[in-house]
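Line order of the protein sequences matches chains F and W. Counting in this note's numbering, the first sequence runs without a single skipped number right up to 223 at its last residue. Counting in this note's numbering, the second sequence runs without a single skipped number right up to 1085 at its last residue.
In case anyone wonders, no lab produced these hints; they're calculated from the structure. Ideal Cβ positions, reconstructed from N, Cα and C, are used throughout, including at glycine. Treat each hint with caution, since some may be false.
[Claimed, not checked] Beta-carbon label-pair distances, calculated as ranges:
1) F:Ala185 to W:Asp1067: 49 to 59 Å
2) F:Ser161 to W:Lys944: 26 to 36 Å
3) F:Gly84 to W:Asn1012: 32 to 42 Å
4) F:Glu44 to W:Lys809: 22 to 32 Å
5) F:Lys43 to W:Gln969: 18 to 28 Å
6) F:Lys135 to W:Lys944: 42 to 52 Å
7) F:Ser83 to W:Glu832: 46 to 56 Å
[Said to hold, decoys possible] If you want the footprint, here are the derived chain F segments under chain W, 3+ residues with CB under 8 Å:
8) 47-56
9) 88-97
10) 131-137
[To be verified] A short list of chain W residues far from chain F (calculated; beta carbon distances all over 10 Å):
11) Trp816
12) Gln860
13) Glu872
14) Glu931
15) Lys947
16) Tyr1011
17) Pro1038
18) Phe1069
Listed below, chain by chain, are the residues.
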Amino acid sequence: MDLLRVLVKDIAKEIGLFGTVLTFRPLGKKAKTMIIDKIYGLAPNVCLELDFSGVDLCDVSFVDEIIIEVQLYLRLYRENLMFLSNLNKDIIDNLEAALALRASKTSEKIPVLYRVDSSISYLGSLEPNLSETLELLIQKRVMSARELAEIKEIAINNASNRLKKLWDMNLVIREEKIDSSGKQHIYKMPAVI
Amino acid sequence: MIQLKLPNLSDWTVKIDGICWQIGKLSEGQEISLDMQRNKFIEPAGVLMLFLICNQIFNRTGKKILLENLRLDVQFYLDSVKFFDHKIVYATEGISLFTRLTRRTTSKSFVELTQISTPESVASTCENIKKILDYWKLDKFDKVPTIFLELCNNSLEHSLGDPEQIGECYCILQAYRSPKGPKLKISIGDLGVGIRNHLKIKHEWVYNSDSVYIKKVLGGLSGRVDGTGGMGLPFVKNAVENLNGMLAIRSGQSVVFYKNKYDTFEFSTSFPGTQCQIILE
Chain F
31 MDLLRVLVKD IAKEIGLFGT VLTFRPLGKK AKTMIIDKIY GLAPNVCLEL DFSGVDLCDV
91 SFVDEIIIEV QLYLRLYREN LMFLSNLNKD IIDNLEAALA LRASKTSEKI PVLYRVDSSI
151 SYLGSLEPNL SETLELLIQK RVMSARELAE IKEIAINNAS NRLKKLWDMN LVIREEKIDS
211 SGKQHIYKMP AVI
Chain W
805 MIQLKLPNLS DWTVKIDGIC WQIGKLSEGQ EISLDMQRNK FIEPAGVLML FLICNQIFNR
865 TGKKILLENL RLDVQFYLDS VKFFDHKIVY ATEGISLFTR LTRRTTSKSF VELTQISTPE
925 SVASTCENIK KILDYWKLDK FDKVPTIFLE LCNNSLEHSL GDPEQIGECY CILQAYRSPK
985 GPKLKISIGD LGVGIRNHLK IKHEWVYNSD SVYIKKVLGG LSGRVDGTGG MGLPFVKNAV
1045 ENLNGMLAIR SGQSVVFYKN KYDTFEFSTS FPGTQCQIIL E
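Looking at chain W on its own, in the form it has when it is part of the complex (with noise of 0.2 Å):
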């Protein structure tokens, strides 16, 4: 077995390019672990990251993957978010039978790592997310449905670079109880052709960067050919900036995280797909 160390997956401004370049290496067969020692806690941001992590492993091998070096707490956040329901990865300690039936089967406080691949699932999804914030009387936070609906709904209809083919994403959300007040945290992930691909698709500058590319996104820009679209993650980036939230969107080799303004962190090695996390506060 080979064993692959993870960076802290929930930090998105640390590299990911030595488990990159790694995973690029792997072929069929071949079985690998994951050390988790790094990742002493989790969030739905590294959460969402192991899981497309453990995807490409999984699609590259067919083995499932062993975590290992999992802190309890850690290991008990993954069960209850239904991580391991996804069957490609495993760990060697599970989590008691008591504990596990003591488990509540459903949670009001998050939205366990779902597969969403079809408009049906992300309005069903949606109406789980709206339960949640009715509960948890969010009120102010009436626009998360709306940025849930928008990002799903990139991933897709862009994620496979074909318009006529629906792709797929994975979502994770947690609502938490702090001292300033509740909190929201979304993240919305998908393997597919990345930001850079999409718009490709209709314009043809060149930018070495692809932090370039998910700023002209966020301003509007589609690749769409008939023109319309555009308006998802404008749309998205004024709801989570007039609630003073952060937003992040990882595709190619950069993060690019943007609260009032942008910050954006590049990488020597490109992730697949796209990711988002929203925080909100």
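Okay, chain F solo, but in the shape it has when bound (with noise of 0.2 Å):
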């Protein structure tokens, strides 16, 4: 299995929630509580696909607690990478202000990638050279530390130090590849997005 679909509306039926409307940050929570126990035990390089089809509004506390808390989870102790799928513009934006309330907080970056219609991208912030590593990766989708470097001329512990940090943040996946010239990660935008 490549992907694993989460329903938003789905978890929040058996939240108590059955309207379009998601709110109140202690279904958020259990909502979370029911992402995280679909995720245990999903293979590394499994993709989570948080599909948010039917659901017109999550308010900021929800999006906190089903998107940035999951998105941390992984980052801690998963090897999958989250993407949002049809989100439309009122909840793209709670989003994006939980995420910028967040980084006013704690002071920590926690980019999350969505897609609209075929095209990929990010909500959150990157530094510039994350950023325009991350756009790299979607456009070319397989990249590793060597092509990099070759693109953006740029020393290879560089390149390398910047693909580790997109996966590190859960953003990419990677495989082990091992050839004439030694064992080298190659990272990978999945097909499945």
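Using the hints, put the two chains back together into the complex; each one sits in its own frame.
The following block contains the structure:
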């Protein structure tokens, strides 16, 4: 299995929210726990899609729990990439507000991938060099540190650090490749996105 | 029957110390009337305060409260927002049957005075607000549904001072047409523990004035022991500021107004719970 797709509306029904508006931080915490339970036991590199189809609005506190806290959990404990799909403008605005409020309180950057139509982008903030690297990897889909170093004309150590930081943030997946030049990591944007 | 004189409740800069003190002296079985003479006009913020005052009196006396010296237009407005449907208050002269029958049963310009006691009712009332905003084509007020969610949820989660229990609040919203363009007024409030007691769950510092505690929550401080939270009120403050609107929060003995800068009013007597009003235009 390459992808675990979770319909947020289904999770909401299980916690007692049957409409199109998802609200209340304690319910967000329950939803977060349910999502994390689904992730538990996933093999590395399997992607998690949080699909917001049918959801019109989530308040800032709710998205903080079901998106940002889940992303943090993945960062700490899992080698799985999460992306969001079928977000409307109101949910995107509230997620951006939650990310900004988090950053102002904790100085922590917690960017999150999301898909709009067939293109991928991210919400939250990234240092310029990491943002540039992520955009490049989204475009090329597969990249090694050597390739990045050649394209951006930077030292290979620098290229390797950039890609590893993106991997540490669960924004890309990576696979190990052993060839004539030795062991190296290949960084990828999953095909399922 | 004991008559208590009410100040203008729509103006939150006006002292309500007298009425608070008098309510504290009431006992079970006493019949109370409220003199509404000074409320020549009533807005959502005034409706909320009137209701919460009536609620407090009813909780102490167990008797319905009579509103006296009601101007007809004020009474009509209270009837329109279903104020008297809450059954703890009445007026001597009711609205005529003809007027009631011809009154629209649902309004596209306001959310009537509504009790909110579950997350589901927060969500469903929010959906009504979205319909009103769509009807009035108020795209620039697109943050209002989230503002509403955050303020109501604060009351539900924190007003009882116990994370295991869900509190309740009351809300009212009105959209207006004015010469300058559309205007939106929202008021939400509870009779819970107040902001000072919420913060003291986690923080031990002591300040004389409730306004300091109000400003701290507007700055993102939370009384949650698990370290989460503290996002709702900063979001509300930022959203209202971006719309060049006005936010007012009453808790304890203070009212804090925020319109690009803070303005605070301190009173002698504490009013229970936390109440908010927002004006957007």
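Results of checking the hints against the structure:
no.: 1; hint: F:Ala185 to W:Asp1067: 49 to 59 Å; verdict: 56 Å, holds
no.: 2; hint: F:Ser161 to W:Lys944: 26 to 36 Å; verdict: 30 Å, holds
no.: 3; hint: F:Gly84 to W:Asn1012: 32 to 42 Å; verdict: 50 Å, violated
no.: 4; hint: F:Glu44 to W:Lys809: 22 to 32 Å; verdict: 52 Å, violated
no.: 5; hint: F:Lys43 to W:Gln969: 18 to 28 Å; verdict: 24 Å, holds
no.: 6; hint: F:Lys135 to W:Lys944: 42 to 52 Å; verdict: 28 Å, violated
no.: 7; hint: F:Ser83 to W:Glu832: 46 to 56 Å; verdict: 54 Å, holds
no.: 8; hint: 47-56; verdict: holds (count 10)
no.: 9; hint: 88-97; verdict: holds (count 5)
no.: 10; hint: 131-137; verdict: holds (count 4)
no.: 11; hint: Trp816; verdict: 25 Å, holds
no.: 12; hint: Gln860; verdict: 26 Å, holds
no.: 13; hint: Glu872; verdict: 39 Å, holds
no.: 14; hint: Glu931; verdict: 6 Å, violated
no.: 15; hint: Lys947; verdict: 7 Å, violated
no.: 16; hint: Tyr1011; verdict: 21 Å, holds
no.: 17; hint: Pro1038; verdict: 6 Å, violated
no.: 18; hint: Phe1069; verdict: 28 Å, holds
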